[in-house]
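As given, the protein sequences belong to chains Z and H, one line each in that order.
Using this note's numbering, the letters of the first sequence map in sequence onto residues 345 to 602.
Using this note's numbering, the letters of the second sequence map in sequence onto residues 9 to 341.
Just so you know, these hints were derived from the structure itself, not from any lab.
Since we're looking at a predicted model, the values are computed, not measured.
Hints are supplied without guarantee of correctness; some may be wrong.
Ranges between beta-carbon positions, derived for each pair [unchecked claim]:
{"hint": "1", "chain 1": "H", "residue 1": "Thr180", "chain 2": "Z", "residue 2": "Leu363", "range": "45 to 51 Å"}
{"hint": "2", "chain 1": "Z", "residue 1": "Asp514", "chain 2": "H", "residue 2": "Gly325", "range": "39 to 45 Å"}
{"hint": "3", "chain 1": "H", "residue 1": "Ala334", "chain 2": "Z", "residue 2": "Thr346", "range": "46 to 52 Å"}
{"hint": "4", "chain 1": "H", "residue 1": "Gly146", "chain 2": "Z", "residue 2": "Leu363", "range": "51 to 57 Å"}
{"hint": "5", "chain 1": "H", "residue 1": "Gln32", "chain 2": "Z", "residue 2": "Phe529", "range": "42 to 48 Å"}
{"hint": "6", "chain 1": "H", "residue 1": "Lys129", "chain 2": "Z", "residue 2": "Gln366", "range": "22 to 28 Å"}
{"hint": "7", "chain 1": "H", "residue 1": "Arg147", "chain 2": "Z", "residue 2": "Leu590", "range": "36 to 42 Å"}
{"hint": "8", "chain 1": "H", "residue 1": "Gly146", "chain 2": "Z", "residue 2": "Gln376", "range": "32 to 38 Å"}
{"hint": "9", "chain 1": "Z", "residue 1": "Lys549", "chain 2": "H", "residue 2": "Gly122", "range": "43 to 49 Å"}
{"hint": "10", "chain 1": "H", "residue 1": "Gly146", "chain 2": "Z", "residue 2": "Glu389", "range": "48 to 54 Å"}
Residues on chain Z that point at chain H, a partial pick, calculated with CB under 8 Å [claimed, not checked]:
{"hint": "11", "residue": "His351"}
{"hint": "12", "residue": "His354"}
{"hint": "13", "residue": "Arg365"}
{"hint": "14", "residue": "Leu439"}
{"hint": "15", "residue": "Ala440"}
{"hint": "16", "residue": "Val443"}
Facing chain Z, a subset of chain H residues (Cβ under 7 Å, in silico) [as the list claims (entries may be wrong)]:
{"hint": "17", "residue": "Leu69"}
{"hint": "18", "residue": "Asn93"}
{"hint": "19", "residue": "Cys103"}
{"hint": "20", "residue": "Leu116"}
From the three backbone atoms N, C-alpha and C, an ideal C-beta is built for every residue, glycine too.
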Amino acid sequence: MTTVVTHSSHLAVRNLRILYRQPVYLAFTLVQPMVWLLLFSQLFERVVELPGFGDVSYVAYLAPGVIVMTAMMNAGWAGTSLVDDMDRGVMDRYLASPVRRVAIVNGILAYQAAVTVVQSLIVFGVALAMGARYEAGAVGIVVVLAAAVLLAVIFAALSCAAALLMRTQDALIGIFQFLAFPLLFLSSTLMASALLPDWIGSAAKFNPVDWAVVASREALLSSPDWGLVGGRVALLAALAIVMTGLSARAFRAYQRSV
Amino acid sequence: MSESTRLAIEASGLTKTYGKGAKQVRALDGVTFSVPSGTVFGLLGPNGAGKSTTVKILTTLATADEGRAFVAGIDVARNAAGVRNAIGYVPQKPCFDPTATGWENLALQGNIYGLSGREIKARSAELLERFGLADSAGRNTKTWSGGMQRKLDVALGLVHRPQVLFLDEPTTGLDPQARADMWSEIAELTQSDGLTVLLTTHYLEEADHLAGRLAIVDRGRVVAAGTPEQLKGELAGDTVQVELAEPAVNGHARAAIEAVVGVKDVSADGVLVRARVGNGAATLPGVLAALDAAQIPLASVTVARPSLDDVYLRHAGRSFHAADEAGTKEVAA
Chain Z
345 MTTVVTHSSH LAVRNLRILY RQPVYLAFTL VQPMVWLLLF SQLFERVVEL PGFGDVSYVA
405 YLAPGVIVMT AMMNAGWAGT SLVDDMDRGV MDRYLASPVR RVAIVNGILA YQAAVTVVQS
465 LIVFGVALAM GARYEAGAVG IVVVLAAAVL LAVIFAALSC AAALLMRTQD ALIGIFQFLA
525 FPLLFLSSTL MASALLPDWI GSAAKFNPVD WAVVASREAL LSSPDWGLVG GRVALLAALA
585 IVMTGLSARA FRAYQRSV
Chain H
9 MSESTRLAIE ASGLTKTYGK GAKQVRALDG VTFSVPSGTV FGLLGPNGAG KSTTVKILTT
69 LATADEGRAF VAGIDVARNA AGVRNAIGYV PQKPCFDPTA TGWENLALQG NIYGLSGREI
129 KARSAELLER FGLADSAGRN TKTWSGGMQR KLDVALGLVH RPQVLFLDEP TTGLDPQARA
189 DMWSEIAELT QSDGLTVLLT THYLEEADHL AGRLAIVDRG RVVAAGTPEQ LKGELAGDTV
249 QVELAEPAVN GHARAAIEAV VGVKDVSADG VLVRARVGNG AATLPGVLAA LDAAQIPLAS
309 VTVARPSLDD VYLRHAGRSF HAADEAGTKE VAA
């Protein structure tokens, strides 16, 4: 068990080093969320006048959604580093060594979790600078980060599993294009739950993106419904465990095919 | 058991089939060979012969359908973890991390094998020095030359002081200078630590130059094994090679040479006509006289001791280059 943790952290550090060496990569991943935050929130500024949003500015409403969206979008690419390692001899070198197999995927998940925390804090900071205000304290922010990290783990594990089974960057891009926007629009990320068409509202109940958004927004209220927050976070955690298990199975399938 | 401890590698009857149904490819068809400790052993064969598959089984990356293999006395199928700690593996494709420096590459590898920080530092410094990489060790490996990167690949395989090192096509893609460099590094490996090296190659001269013993692999089987000298010695005799001034007359030349006393097989390929003879020096005057009588103009004549190419031709029934090209096409298809 300790070996798994040691190996995972060494591999996570390897991944984080790339980010540290090329911070411009982090900047690229923030372009999309900034467009949503700086442009989209202004374009739809007056949407909060509709009954159902409550007494809130659209930037303040949107910010947790942008954090969640960013976590999902970037985690979807997590598998590309595995494809690189498979294309080169790096994966073969690992597999002929005593490295714990789960550590190879764990290293990527841990890296993705760390990146998500940094991105989320930046997005949150920009939203505050744009005038978004929340009544919650530090606990609220911790919940937002936890929800974003869990969602990132879910999608990074899915991306790794897809990478191990299909082994091409093209396949990863394809899957992700197919998933990301439908999941985004079938949720209350951009529009208040009360204003969603019934069928989208029903679909959202099964959408992990909506779980993360609902938990985040609720936790930022002055007196949150902790039952609701806890329920959604528990769902996210359960799905994260399932997806991590799936990626481990995909790894075994990959090894059998070598 | 004492047998397998003296032998660094022992493979018997390894078979492996990839794919199912019509797409089935029999990569290994009963590979058997053994490698004594402390030697450089070469697996020589054209592309697609089964060399890499053999190495994958011995390094625990893949499992054999049938047959058994022991590496450093450990059963690869029963105790894969034990084998992994005892071996170093340098895959055919580059395996260093281009986003990290030389130091960082070696440190991660050391950490994977559970070395302490101090051991990693000392061992990395030693390896970087030995491979002439010390000056660039702090630079990102992306900026290194191909030869340096390949040396780092080999160094990564040595960090944990393995008993057996597997080098899969260590010099493919290197320029002649880098290849010569790599050859001298590999030759030195068995001198220190009593390391056993198994290298695969499809360069005949590389096997001839480096391997103390070798096995020639063709279509998933070992077709010949021994020291390069033994293998060439079995062919008893020399090769007379005649280069014609024009290819059109190679049929006449072939017929003229075949008639000479002492000549065994003759083969013609473009301007080159090759004859296997008992004693090159004794037969050459007769060959020249016959060609002169037939009025065939020559560009050059050489007498050579048998090469591994001749060995391959005899055991595999086709020339190495033809097999290599056919294998490359199959791999690409």
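Chain H contact restraint on valine 443 of chain Z - CB to CB distance below 8 Å: At about 5 Å, which falls below the 8 Å cut-off, the nearest Cβ of chain H leaves the hint on valine 443 of chain Z intact, so it holds.
Glutamine 366 of chain Z and lysine 129 of chain H - C-beta distance against the hinted 22 to 28 Å: Since the Cβ atoms of lysine 129 of chain H and glutamine 366 of chain Z sit about 26 Å apart, the hinted range of 22 to 28 Å holds.
Satisfaction of the arginine 365 of chain Z interface hint, Cβ to chain H closer than 8 Å: Interface hint status for arginine 365 of chain Z: holds (7 Å vs cutoff 8 Å).
Hint status (Cβ of histidine 351 of chain Z to nearest Cβ of chain H, threshold 8 Å): At 6 Å from the nearest chain H Cβ, histidine 351 of chain Z passes the 8 Å test, so the hint holds.
Verdict for glutamine 32 of chain H, phenylalanine 529 of chain Z (Cβ pair) under range 42 to 48 Å: 46 Å, holds
Given hint leucine 439 of chain Z near chain H, where the shortest CB pair must fall under 8 Å: Check passed: Cβ of leucine 439 of chain Z comes within 5 Å of chain H, closer than 8 Å.
Outcome for the supplied range 45 to 51 Å, where the beta carbon pair is threonine 180 of chain H and leucine 363 of chain Z: 33 Å, violated
Verdict for arginine 147 of chain H, leucine 590 of chain Z (Cβ pair) under range 36 to 42 Å: 39 Å, holds
Range agreement (Cβ of threonine 346 of chain Z with Cβ of alanine 334 of chain H, hint 46 to 52 Å): 51 Å, holds
Interface hint compliance - leucine 69 of chain H to chain Z, C-beta minimum distance less than 7 Å: The hint holds - leucine 69 of chain H has a Cβ within 7 Å of chain Z, the shortest such distance being about 5 Å.
Hint check for glutamine 376 of chain Z and glycine 146 of chain H - Cβ pair distance inside 32 to 38 Å: 35 Å, holds
Range agreement (Cβ of leucine 363 of chain Z with Cβ of glycine 146 of chain H, hint 51 to 57 Å): At roughly 20 Å between Cβ atoms, leucine 363 of chain Z and glycine 146 of chain H fall outside 51 to 57 Å, so the hint is violated.
In summary, the structure is inconsistent with hints 1, 4 from the numbered list given earlier, while agreeing with the others.
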